[in-house]
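Participant: Quick mapping for you: the protein sequence lines, in order, are chains A and B.
Residues 1 to 284 in this note's numbering are what the first sequence spells out, letter by letter.
Residues 1 to 313 in this note's numbering are what the second sequence spells out, letter by letter.
Quick caveat, the hints were computed from the structure, so don't treat them as lab data.
Given the structure is predicted, the values throughout are model-derived calculations rather than measurements.
Among the hints, a few may not be true.
Unchecked claim - Computed from the model, here is a short list of chain A residues facing chain B with C-beta under 10 Å:
(1) Gln187
(2) Ala236
(3) Ala239
To be verified - Derived DEER-like restraints, expressed as beta-carbon distance ranges:
(4) B:Glu4 - A:Pro191: 56 to 62 Å
(5) B:Ala186 - A:His77: 52 to 58 Å
(6) B:Glu114 - A:Glu215: 53 to 59 Å
(7) B:Asn50 - A:Gly32: 46 to 52 Å
(8) B:Ala223 - A:Ala163: 39 to 45 Å
(9) A:Glu215 - B:Ala223: 15 to 21 Å
(10) A:Arg252 - B:Glu54: 53 to 59 Å
(11) B:Ala183 - A:Phe74: 57 to 63 Å
(12) A:Thr213 - B:Ile59: 43 to 49 Å
Built from N, CA and C at the ideal position, the CB exists for glycine as well.
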Amino acid sequence: MTVETSTLATAALAILVLLLIFGGVAKLATAGRDADPGGLSRLGPGVLVPERWRKPFMIFCAVGEFVLAAGLLFTRHPLPRWGTIAFFSVATYVLWELRRRRPDVGCGCFGEASGSPVGLRSIGRAAVLAGMAVVVTLVPVSGTDLWSEASLNLAESLGAGLALLVLLSPEMGEGIARVRHRAPCEQRPVPASRALSRLRTSTEWRSHAPSLTSEEPSDSWRELCWRFFVYPGRTAAGAETEVVFAVYLSGRRPPVRVAVVGTDGPGTGSDDILQESIGVSAGR
Amino acid sequence: MGVERRYALASAALGRSAVPPQVEVEEHPTLSAISGQIIDISPHLVIVENPDGEEERLIIAPWATAWHGAQVAPADLPIGTRVMIRARQSGRVAERIWGDVTRVTGVILSLEEERRDLTIEVDCGPHRGRRAIVVPYGASGRIRVRHPQLEPGYLFDAIGIRREGVTHVRLPATSQPPYRATAVPAPPPAYRGVQSRISGAAAWSDAFDDGEAGAAYPMLEGADSDCEDAGVSCTGLPYLALGSMLYVGNVCEAHAAVLPIVACGCMAGRFCDRCVECGTSPRGRIVELSPASFVELGGELTKGCFNARVGLG
Numbered sequence: 001m002t003v004e005t006s007t008l009a010t011a012a013l014a015i016l017v018l019l020l021i022f023g024g025v026a027k028l029a030t031a032g033r034d035a036d037p038g039g040l041s042r043l044g045p046g047v048l049v050p051e052r053w054r055k056p057f058m059i060f061c062a063v064g065e066f067v068l069a070a071g072l073l074f075t076r077h078p079l080p081r082w083g084t085i086a087f088f089s090v091a092t093y094v095l096w097e098l099r100r101r102r103p104d105v106g107c108g109c110f111g112e113a114s115g116s117p118v119g120l121r122s123i124g125r126a127a128v129l130a131g132m133a134v135v136v137t138l139v140p141v142s143g144t145d146l147w148s149e150a151s152l153n154l155a156e157s158l159g160a161g162l163a164l165l166v167l168l169s170p171e172m173g174e175g176i177a178r179v180r181h182r183a184p185c186e187q188r189p190v191p192a193s194r195a196l197s198r199l200r201t202s203t204e205w206r207s208h209a210p211s212l213t214s215e216e217p218s219d220s221w222r223e224l225c226w227r228f229f230v231y232p233g234r235t236a237a238g239a240e241t242e243v244v245f246a247v248y249l250s251g252r253r254p255p256v257r258v259a260v261v262g263t264d265g266p267g268t269g270s271d272d273i274l275q276e277s278i279g280v281s282a283g284r
Numbered sequence: 001m002g003v004e005r006r007y008a009l010a011s012a013a014l015g016r017s018a019v020p021p022q023v024e025v026e027e028h029p030t031l032s033a034i035s036g037q038i039i040d041i042s043p044h045l046v047i048v049e050n051p052d053g054e055e056e057r058l059i060i061a062p063w064a065t066a067w068h069g070a071q072v073a074p075a076d077l078p079i080g081t082r083v084m085i086r087a088r089q090s091g092r093v094a095e096r097i098w099g100d101v102t103r104v105t106g107v108i109l110s111l112e113e114e115r116r117d118l119t120i121e122v123d124c125g126p127h128r129g130r131r132a133i134v135v136p137y138g139a140s141g142r143i144r145v146r147h148p149q150l151e152p153g154y155l156f157d158a159i160g161i162r163r164e165g166v167t168h169v170r171l172p173a174t175s176q177p178p179y180r181a182t183a184v185p186a187p188p189p190a191y192r193g194v195q196s197r198i199s200g201a202a203a204w205s206d207a208f209d210d211g212e213a214g215a216a217y218p219m220l221e222g223a224d225s226d227c228e229d230a231g232v233s234c235t236g237l238p239y240l241a242l243g244s245m246l247y248v249g250n251v252c253e254a255h256a257a258v259l260p261i262v263a264c265g266c267m268a269g270r271f272c273d274r275c276v277e278c279g280t281s282p283r284g285r286i287v288e289l290s291p292a293s294f295v296e297l298g299g300e301l302t303k304g305c306f307n308a309r310v311g312l313g
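Extracted from the complex, chain B is given alone in its bound form (with noise of 0.2 Å):
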């Protein structure tokens, strides 16, 4: 059974309305996320292939920037990149531009040293398996710095582009918690009950299908999601299921959206990392989003986390 059925049933047997709430209008996303790959790019066009073979003209901001593993001018990206585009103007004017760009979350199972450049072998959990990503030398001292524990048994995290099917890491996506990805530190006691509202950081990951609209959250029952690493996290989370609308609200930019559960955040609930793209979030990772609702919501992919409010919606 589909799982898309869940909330339907759920409504019907405790008697909720069948339709998932909405957002409030002033929390309404303004931004859209096209995803695809560039067929054509000049300085002030971009025609992008989206993941249904139809093509998307976009006209290019004046201010508009591009990563592709560095700043870039739009321009300068290759045909046949596959970008991830924030727009505005209903989806019509592209603003930034992330060309090939992936990211690697998951425990470091090996390391080998290749002439200057690392090779890790990361678990990214049941669901996306084990990645083999190069740490170019030019990028191993920001990670490094910020991946103080480069050993096995440790948590990873880090953004960079893939091309012919490697990845090439390029930026720390978080500080690395100093503890063993085992050892993921106990929720607080809850002297009170479950919050409306629990705030924490939303990370993005690209285990999701090209252009979803979803979000991977930590605390499932394992038997029901298939994942036997669900259910850890360092923040009170009430046991949500896969199909439950999830409330994601990015408290930095007051963009919020009412988004399915798709996956199993086994990964996101190791990390008992703070997000401090505007202030300092709570701790823990709460939801992880998929590329499209990350950059709907505001967030910037290069960045890796905004500060979150989630509820159920």
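Here chain A stands alone, though its shape is the one from the complex (with noise of 0.2 Å):
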């Protein structure tokens, strides 16, 4: 048993240290193209810090990934394990009040790769990496057991680890689709067609259906990789309202996010009505 606890472990510490070094390659890479990081797509946790502060902050957490990955593969002192579920941790946190309060943006946790918005698979993916974390520091394995412990179980569960977190990543969807069409989403026509198909076999479409008061929407368009349909709706009050749907145009089962705004909010420059109304309904 003892020996099956530090094969996981030391699984564990692989995926760990390789998604380290890649998280903070690609992260470094993304700061260093550009003098403005996702300036378009509007990547990762930055956001939710003043834009002077943006740059310096990604390249802060791919230094702390390097870090983290040298302290895991070379000692086996608590402090860089206790630090790694700490990083994932507050990672996870941070995801889900990322998708709460800017829904449209991607995690960056791979730099400009992760552009698609943040949704439970991402998440789900820190909080598991913050799981390993948790198993590698109750068995401190380092680096110098990947090579004594290596076996046909490592292999297995290294692979089985990796396999959870394939499936755990949006990544992969766009990653797919680029090397299918050749062009990044925002490029590629998409039909509304196949938009509105997806937007009707949605919870947010299910959840918001009886209060829309047409069949048809009253306008949609385009912008980047997600496309809006408008319908006008009413309250339970009877207030007019209407109904934004914004269908992200790259995945399988793509993200859905919806707003209710009343019909003389946005574009009176009406701030406060439009800020009510994303805090009550946005998001998924």
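Got two chains here, separate frames each, mind docking them using the hints?
Facilitator: This is the structure:
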């Protein structure tokens, strides 16, 4: 049993180190490429901090990941292990918060590759990695165990862990689409009918369908990787509203966002009405 | 539904701020554009009636120049001329005046030679229709040098003056692309994500309302913009919509503005040319601006383009 636990811990260590290094390199590459990282796709928790801090924040994150990866690989000291738990626990919370406050931004976990909006998979991945960090802390293995523990069991554990992470990685869907289409989502033509059929199968549609007063959208347009549909609606009190659905155009089960706004809300510059409606109804 | 509500509705759905972003203070344009019709002009003062019917009085700067088919002294502009003025000092000092300036951008449909002048019929896109223009003999050499394929099916882009309803072309606005209008090169494969700012050439068009600030963008979905020819560009541009806010920066002058997309730039997307206003821009006409916005960003109407960077506002 001890052998199995240490094998699991070694596999978890390998996965953690691999992901920390990949994440760090991708973040540095994104930060170094442009003076305005992810200005268009608006990446990561950086959007929650003031604009001038976004690039330093990304670089700080990347350096932190390298330090943790090195600590896990070369020492058995508990400090980098607790640091890794803290890193992924905070990441889980921050992604949850990001999803609630800015549903249009990607997690930025792997820099520009993580441009699709934060969903339960990204949050689940951070939570799983935090769990792996707990395992590595309880069974303090290091890089030298990777060689001494090398066995079929270790390969199986490693394979299972990586498969789980692939399932939890929204980057894979966009990666496959890029290989097929050679263009990022923002540049691919996507018929409006496909987005509409995706919308009709979403839980957001089902929960708001009773309040809609028309089957046909009153307006529809596309901006970057989102298609918007506006439907006229009515609240329970009888006030006229507009229900705005935003459908992400990449992935098999794309995120759908929704907001209910008063017909005199946006466009008249009334920010209060808007903010209120976001808090009540935006998000999944 | 008006497209001007789209930005606010999209912001509500995605949790963005409903107030469009602003450009940095140092990039804020210090120039203003004033359009109208000359009521009176002297060497030192010009009075114009703007599109709202109000009179505007501007001092003509000693260094000011004017264009009315050719370089002229400002005082030589005839009364009644429709002008676009670039002004400084909060719009009180005129330093550049363009009179009756117009631009013809489109696909050549037919050519006809009348005495020594050439009459060309140009398809300027679904929203702008067809225009018949005259290339006077005196300008034909300049036009032919920059438009070697002066035959139906090829692109045409020139600047001229409009007098009594007839457009007389005076200057080529660009070097004609060597391909037919239907054979626009495909954008290069994108091996990385969409960049936050895309560089290329910004042109102007007179298809906007008088004095309107806004931009025409090529990469719109045809169904959303009532423009079947939209969605063509030789640059890897992301899809945006009518009503989106677009950051447009003039690389040469360090001015920038966030402008609404108000029209479909279906003709601009077919031009895979470069602007050489300051250095050589990357290939591709990425945005078409209204004359007022073009002038406020520091562009020269008679030069036709500036090196630009665009991005989502």
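Participant: Compare the structure with each hint and give your call.
Facilitator: Hints versus structure:
A hinted interface residue such as A:Gln187 counts as satisfied when its beta carbon comes closer than 10 Å to some beta carbon of chain B; here the least separation is about 6 Å, so the hint holds. Using the Cβ-Cβ criterion of 10 Å, the hint placing A:Ala236 at the interface with chain B is not satisfied: the shortest such distance is roughly 20 Å. The criterion of a C-beta within 10 Å of any C-beta in chain B is not met by A:Ala239, whose closest approach is roughly 16 Å, and the hint is violated. With their beta carbons about 26 Å apart, B:Glu4 and A:Pro191 fall outside the hinted range of 56 to 62 Å.
Distance hint for B:Ala186 and A:His77: a CB-CB separation of about 55 Å, consistent with the stated range 52 to 58 Å. As the Cβ distance of B:Glu114 to A:Glu215 is approximately 57 Å, the hint placing it in 53 to 59 Å holds. Separation of B:Asn50 from A:Gly32 is about 48 Å and conforms to the stated range, judged on CB atoms against 46 to 52 Å. At roughly 40 Å, the beta-carbon separation of B:Ala223 and A:Ala163 lies within the given 39 to 45 Å, and the hint holds.
The given range of 15 to 21 Å is respected by A:Glu215 and B:Ala223, whose C-beta atoms sit roughly 18 Å from each other. Between A:Arg252 and B:Glu54 the C-beta distance comes to about 57 Å, which sits within the given range of 53 to 59 Å. Checked against the hint of 57 to 63 Å, the C-beta distance between B:Ala183 and A:Phe74 comes to roughly 59 Å, which is consistent with it. The hinted window of 43 to 49 Å between A:Thr213 and B:Ile59 is violated, with their beta carbons roughly 57 Å apart.
Consistency with the previously given hints fails for numbers 2, 3, 4 and 12, ordered from lowest to highest.
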